[in-house]
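Novice: Given next are the chains, with one letter for each unit.
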Amino acid sequence: MRSKRIKTAIVALLLLAMLITPLASAQAGSWTDYVTGILKDAACATPLAILNLEGCVLPPLLSIVGTMVSWSAALLNWLLGASQALAAPDIIRSSWVIFRDFVNMFFILALIIMAFGTIFNVKNYTFKELFPRFLFSALLINFSLEIGVYVLRVANGLASVFLATIGDVGARLADGLLITKIASPEGLSGTAAAALKGVASGPGTAITMLAFLVFLIIILGTFLAASIFILARIVVIWFLLIVSPVAWFGYTLPSLRAETWSKWWKAFISWSFFLPTYLFFIMFASILLSAKKTVGLTVGGYDNTLAAGDYAKAFFEVIGLTDLLFFILVIIVLLGGIAASFKIGGLAANGAGAVMSFAHGRVKALPIFPTKGAGGKWVGRSIGDWEGGAKQLGSRILKSGIPPILPGVGKIPGILRALWTGQEGQEVAEKAVGQSLQSTLGYGNLAEGMKAEKAAIDHAREMLKHDPKFTEKLRDAKLKADLGEGTDLIDGFNRMNFETIAEYQELAAKGMLSPQALRAFGTKIGDRNSDAMKDVGEALAKSSFGGWKEEDISEFLKAKEDGPYDIKGMKGARKKGHEWLISDDGKRRMLGHESITLDVVNQMAKDYGPDSNEMRGALREIATKRADLAGEYKAIAKAKAEGRESATDAEVTTATQEVIEDKTEHELMSMSKIAFGQERFMQAVLGKLESLQSKVPMGEYEDKFDAGAMAKYVQGMRSAGASVTDFQEKMQDLTNALGKNRDELTVKIRNAEGRIEERSIHNYKEALDMAASEKKEWDIRRQIAADERRDDAKFARGTRGRGPRRTT
Amino acid sequence: MTSYTIYIPGEVDLQEILQSPLIWKEFQQRWAVGSPRLSDLLFGVDTMNKMIDISVDFELTDEQTANVSRAVRDIALGYVYIGDLAAVLQKQLGIEQKIASEIGGSALEILRPCMDEIKKIQLARFRNRIEQAATKPIDQPKQENTSNIINLRKP
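In order, the protein sequence lines correspond to chains A and B.
Going by the numbering used here, the first residue of the first sequence is number 1, and it counts up by one from there.
Going by the numbering used here, the first residue of the second sequence is number 1, and it counts up by one from there.
For reference, chain B alone in the conformation it holds in the complex:
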C-alpha cells in the first residue's frame, strides 16, 4: 500500500529527517521562518489531494511523486530556487523538459495560496539570482509582419 506521506510535502522524508539531529535542527530552523498558514498548506488535505491529482494525471511512480512533494516543500522552505523547479523535476524524475514544466506549473498551483510569503522566503535566500534574473533582458519574440505588405526580400 502506498503511504499517504508521499503526497504531503510536509510529511515526506519526515521520519528520515527526524533520525539525524543535525538535519532536523536545520529543518526546524527553516520551518520557523514560515507562518502557520504555510505550515498548514504543506500539511493540508487540499495539498494532498492536489498532489494525488498530479501523480495520477502524469502517471508518476511513488518515488517520482515523493520527489515532486520534496520539490514543493523545498521551494516553500527556500531550499530550492523557484526558477530551478522545472530543471530539478526534470533531473530528479528523469522526464522530458516539457512534461517537467507542466508538472512544475501544477506544483506551483499548490503553493499559490501562500505565494506572497514564499516569494519573501525566496528573496531572502536567492536575492542575487532573483536580481540577476530581473536585470537580464527578456528575449523579445520577433515581431511577425502583420500588415498586408509582403516582404519579398525575406527568404
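If we strip away everything but chain A, and leave its shape as in the complex, we get:
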C-alpha cells in the first residue's frame, strides 16, 4: 500500500516535470544551450557515451532538474501569494445559491421527521430535541457562505502576516537549499566545475554529481508537494464553500450530524488553517537560514589544492558543511511542516467545536424580558434559564407524565394527564403487567414481578393523589369498597388493577376503609400480592384505624384461626397494625382497651418470632400500659420452655411484678385503672405501690400523692365493691391532679350566653365538666328563647295578615 503511494507520487512528479520542462525550455536559453553543447560534443555523440556518466549523462540531468527546482520555487512563491488572497469568486457564490435553495427543500422533510419522532417518541427526534437545532440551521444556512468566507479570511489574514515576515519565499529557500550553487549552469561551470574537472579522471566525479542530483530531486519533490497542497487548498475550499448548506442542514438531524456538520467543519478548518500553519514553518525555516551566515563550519584538514581522487574535497568545495546541515534542516522543516500543518489544522477544527460551545453559552446568558433591578443592573430570565426551564419541564413530562398544574397554562384535566403518564408510568405499568403475568403463569421471577407491581401501584396512587377530582374519586371508591364492588377489578393484570389497589390504599390512609372492605380486599389480593396488602395495613395504621371500633381493631390484630382475618397474605398488614399498637397513638387509643388480650400478644410473637428483637421491644412497649399482658406472656413462655402448657397464678404475678419493677407511681396509677378488675394484675400494682411508700421522693407532687395511701385507698375501694367505672373516674381525677402547672392552665369555653371566654382550671376534667355544664345551661336557655320567639313570630305574621307562602 505504502509502496503503491510512493510509486504514484513519483509518476505524478515526472508527469508534472514533463509538463513544465517544454514550457520552461522556451525561456531558459542558458541551460538549454549548455545541454545542447554537451550533446553536440563529439565524445558524447557515440552510443557508448551513456557509460560516460560524469561527462555526458549527469551534467545535463543536473542542469534540467536544477532548472525545474528553480521553477517550482517560483510556482510555490506564486501559489502562496494567490492562496493567501483566496476568497469566493462569483461562480462559487452562484453555485452556492443553487445548492442552498436545493438543501432548503429538505427542511420540510426534517419537519416531517420531527413530527413522526414526536408522535412515536423516538429518542433524539422529538420536537423538544430537534426544534432548537432546526431553527438554528434554518436561519444560519442562509449565511453559510459568509460564515465560511469569514473563517477563510481569518486564516488568510494570519497567513499574510507570516508571508510579509518571510518576504520572497522562493529566493529564501533557493538560497537555503543551495540551488544557486549546484543547479545553475554558472555554478557548475565555475568553481565547482573546475574542481570536478580536477578529479575527472576517477569514478568519484560521477558519484559526487549523482549526490548533487539526489539533492536536487529531494528539493524538487519538496517544492512540488508544497505547491500541490496549496493548489489543492484552493480547489477544496471552493468545493467546501459550495456544499456548506448541506453541512448546516445536517446539523438538524442527529443521524446526519456526524457525517455532514462535523466532517465539513473539520475539513474546512483543516484546509483553511493549513496555509498559515505551513507558512509558519517556512517562516521558521527562513529564520534558520538567515542565521546561517553566523555559523561557520569547515571540513578540517583540507586545503584549496585539489589532489587526484580527492572526491570529498571536491564535494565540499561546492557545498560547505554548514550548507549541507542547513540543507537537511530546511528539508525536514518543509516536509514535516506539511504534515504538521494538517495536524494543527485538524486541532483547530476541534477547537471550532469549543468555540461553538462558547458562543452557545454567551447566547444562553442573554436576558429575555429584562428589567432594571437594584443598582441599575439588568435582571430577568435569560434565554438559558428559559431553555433550562423548558428542558427541565420537558424532561419531567417525558419522565413522570403531565403535572397537575402547568406554569402558564394552569390546571390540567385528569383525562389529559392520563393520556401520558410519563415514561416511568408507562414502563412501570408495562413491566408490571408483563412480569405479573409471567410470575402468575409460573415462568417469571416472582420477586421481580411483585416489585414491578408495587412500583405500578405507587405510581397509580401518586396519580390519584394529584388528580383534581381526588375527593370525588375517593368517595366513589369508598362506595364501591363498602359494597365490595371494586374488588372485581383486582383480578385483571392491567392498569385498572393498580388503580383499584391504589384507591384501597388511599382509602385506608384516609381512615375510610371499613373492616368489611379490608377483608374483601384481603381475600381478593392477599395471597397474590401481600406487599399491596402490607401497604394497606400501613396506611390504616397511619390513620390510626380511623372509624374502626376497638373491637374490630383487636380482631384484626389477633387474627385467630378461622376468624374473619384468617386471610392468607395478611401478615405484613397485621404487622403494621402491631407496630401501630405499640406506638404512642396505638398505646393511647388501644393498648389500654379491654379488647386487647393475650391473643394479640401471642399473634405478635407468632408474626415477629418469639425470640426476635422486635418481640422483645414490643413487650417493653406493651409493659408500659399492660404489664399484666407482658407478665402473663413471659410466664407462659417460661413454662413452655420448661415443657409445661401453662403457668401458675403465682408465676404470672411474679412475672408481672418483675415487669412493673421499674415503673413510676404515675405509670402505676395509669395501670391500675386497667388492672382494677383483674385480681392478679391489681395485686402486682398494689404491691408495687406499697413498696414505693417509703422510698419515693415525691417532689412537687408530695402533698398530693402518697403511694402507700393510694394503695390502701385502692384496696379499700375494691373491698367496698366499687365498680371499675367508679374506680376509673376517681383515678382520672387523681391522675389529673398530678399535672404540672395546674394553676396556670387556661381553657376556652363557650358559656351559656354563647360567648367564648377563658377560664383557669386545675385539670382537664374540670374543664370538660365546666363546658358540659355551660352547654346544658345554654341548651335550656336557647330552647326556651327559640320557642318564645317562634310563637311571637307566628303571632306577628297573623296580625300582619299575610297569606301563607307556597314552599313546595
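Treat the hints as calculated values from the structure; they're not laboratory data.
Treat the hints with care, as some may be off.
[Stated by the list, open to error] Here are some chain B residues the structure puts well away from chain A; computed CB gaps all over 12 Å:
#1 Ile17
#2 Arg30
#3 Ile130
#4 Ala134
[Said to hold, decoys possible] Computed spacing ranges between beta-carbons, pair by pair:
#5 Ser3/B x His466/A: 41 to 47 Å
#6 Ser595/A x Lys119/B: 48 to 54 Å
#7 Leu14/B x Asp726/A: 28 to 34 Å
#8 Ser3/B x Lys640/A: 58 to 64 Å
#9 Val122/A x Ser35/B: 55 to 61 Å
#10 Ser3/B x Ser612/A: 54 to 60 Å
#11 Pro36/B x Lys542/A: 32 to 38 Å
#12 Glu788/A x Glu109/B: 18 to 24 Å
#13 Pro132/A x Ser35/B: 50 to 56 Å
#14 Arg797/A x Ser3/B: 20 to 26 Å
#15 Ser35/B x Lys549/A: 34 to 40 Å
#16 Pro254/A x Ala87/B: 56 to 62 Å
#17 Pro36/B x His466/A: 34 to 40 Å
#18 Asn121/A x Ser35/B: 16 to 22 Å
[Stated by the list, open to error] Taking lysine-lysine and the BS3-like style, the derived pairs with C-alpha atoms no more than 25 Å apart in a straight line are:
#19 Lys534/A x Lys549/A
#20 Lys776/A x Lys50/B
#21 Lys478/A x Lys454/A
#22 Lys91/B x Lys469/A
#23 Lys640/A x Lys542/A
#24 Lys663/A x Lys571/A
#25 Lys510/A x Lys587/A
#26 Lys775/A x Lys50/B
#27 Lys542/A x Lys568/A
#28 Lys119/B x Lys794/A
#29 Lys542/A x Lys587/A
#30 Lys50/B x Lys794/A
#31 Lys606/A x Lys640/A
#32 Lys568/A x Lys534/A
#33 Lys606/A x Lys571/A
#34 Lys606/A x Lys568/A
#35 Lys510/A x Lys478/A
#36 Lys91/B x Lys473/A
Just so it is clear, CB atoms sit at the ideal spot from N, CA and C, and this is done for glycine as well.
Put chain B on the given structure of chain A with help from the hints.
Specialist: Using the frame of chain A, we list chain B on its own:
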C-alpha cells in the same frame, strides 16, 4: 318539640359532625379560619331570631329550616360559593327559584355584620369563580326609548 339547633347555623348538625373524627377535624380547620366575631354570629341569639323569622315567614318545615341554617353556615365557612346560594336553597328546599332568591336574600342579611370577613373567606376558596364572575360582561338591560319620539318601525 322542635329543637332550637335548627335555627342556629353553628349548632345545626354539630352532634353528627362530632361523631365523625374526620369530618370534625376538617370542620375545626374551617372554624379556625374565622374570627371570634364570626363564631359569635353563627351561634348568636340574634341569628337564631332571624332564622326563626325566616322559617315562620316562609312557612318552612323543620328540615327546610335546618337546610337554610346549613347553607348560611356553609357560606360563612367557605363550603359553598355565595353566588350559588339561591340555587342551593332551591335544590335542597325543593322550592321555586323566586322564593329561593327571597330566602337567600334574607339569609345573607343574617351574615351582613361579618360580610367583609366572609368575602375574604369566599375569595380564598373560590377565587377563580369570583374572578370569572367579575370578568363576565353584565347583560345591560335594553334601554327603553324614553324620549317623546315614537319609533314607528318597532313592531
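Novice: Next step is simple, just say for each hint if it's right about the structure.
Specialist: Hint check:
no., hint, in the structure
1, Ile17, "holds (14 Å)"
2, Arg30, "holds (15 Å)"
3, Ile130, "holds (16 Å)"
4, Ala134, "holds (17 Å)"
5, Ser3/B x His466/A: 41 to 47 Å, "holds (43 Å)"
6, Ser595/A x Lys119/B: 48 to 54 Å, "holds (50 Å)"
7, Leu14/B x Asp726/A: 28 to 34 Å, "holds (30 Å)"
8, Ser3/B x Lys640/A: 58 to 64 Å, "holds (60 Å)"
9, Val122/A x Ser35/B: 55 to 61 Å, "holds (59 Å)"
10, Ser3/B x Ser612/A: 54 to 60 Å, "holds (56 Å)"
11, Pro36/B x Lys542/A: 32 to 38 Å, "holds (34 Å)"
12, Glu788/A x Glu109/B: 18 to 24 Å, "holds (22 Å)"
13, Pro132/A x Ser35/B: 50 to 56 Å, "holds (54 Å)"
14, Arg797/A x Ser3/B: 20 to 26 Å, "holds (21 Å)"
15, Ser35/B x Lys549/A: 34 to 40 Å, "holds (38 Å)"
16, Pro254/A x Ala87/B: 56 to 62 Å, "holds (58 Å)"
17, Pro36/B x His466/A: 34 to 40 Å, "holds (36 Å)"
18, Asn121/A x Ser35/B: 16 to 22 Å, "violated (54 Å)"
19, Lys534/A x Lys549/A, "holds (21 Å)"
20, Lys776/A x Lys50/B, "holds (23 Å)"
21, Lys478/A x Lys454/A, "holds (22 Å)"
22, Lys91/B x Lys469/A, "holds (23 Å)"
23, Lys640/A x Lys542/A, "violated (35 Å)"
24, Lys663/A x Lys571/A, "violated (32 Å)"
25, Lys510/A x Lys587/A, "holds (20 Å)"
26, Lys775/A x Lys50/B, "holds (22 Å)"
27, Lys542/A x Lys568/A, "holds (22 Å)"
28, Lys119/B x Lys794/A, "violated (33 Å)"
29, Lys542/A x Lys587/A, "holds (14 Å)"
30, Lys50/B x Lys794/A, "holds (13 Å)"
31, Lys606/A x Lys640/A, "holds (15 Å)"
32, Lys568/A x Lys534/A, "holds (12 Å)"
33, Lys606/A x Lys571/A, "holds (10 Å)"
34, Lys606/A x Lys568/A, "holds (15 Å)"
35, Lys510/A x Lys478/A, "holds (11 Å)"
36, Lys91/B x Lys473/A, "holds (23 Å)"
Checked against the numbered hints above, the structure breaks hints 18, 23, 24 and 28 and satisfies the rest.
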